[in-house]
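For our numbering, count along the sequence shown from 1 and bump the result up by 2.
Treat the hints as calculated values from the structure; they're not laboratory data. Treat the hints with caution; some may be incorrect.
Stated by the list, open to error - Below 30 Å or equal to it, Euclidean Cα-Cα: the simulated DSBU-like pairs (lysine-lysine) are: (1) Lys-35 / Lys-5; (2) Lys-53 / Lys-35; (3) Lys-62 / Lys-75; (4) Lys-27 / Lys-62; (5) Lys-27 / Lys-12; (6) Lys-75 / Lys-53; (7) Lys-14 / Lys-35.
Unchecked claim - Computed spacing ranges between beta-carbons, pair by pair: (8) Arg-72 / Val-37: 50 to 56 Å; (9) Lys-12 / Ile-70: 41 to 47 Å; (10) Gln-57 / Ser-16: 45 to 51 Å; (11) Arg-33 / Glu-54: 42 to 48 Å.
Even for Gly, the Cβ is constructed at its ideal location relative to N, Cα and C.
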Amino acid sequence: MIKSNIREVKAKLSAYLSRVEQGEKIMIVRRGKSVAILEPVEHAVPLPSLKEFRQQISMKGLPASETIIRMRKESRY
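Required output: the full structure, derived from the provided sequences and hints.
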């Protein structure tokens, strides 16, 4: 496991992430104390499709644009 301080990790984040992708673990320290460990993800869980989520939502009422126009007209004297 590699130990590195926060400043160095910020400066070389891309390089450190490449090393993590290759299987290395990196311990991040602040003032000599461990604060985090970067390690490869073992099993990436795919995120659900937003397209499927949007299809599940049903539209009700007037479109927002029409509602706003109506509200603006009603508030005028």
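Review point. Which of the stated hints cannot be reconciled with the structure, identified by number in ascending sequence?
Key: Going through the list in order, the structure violates hints 2, 4, 6 and 10 and respects the others.
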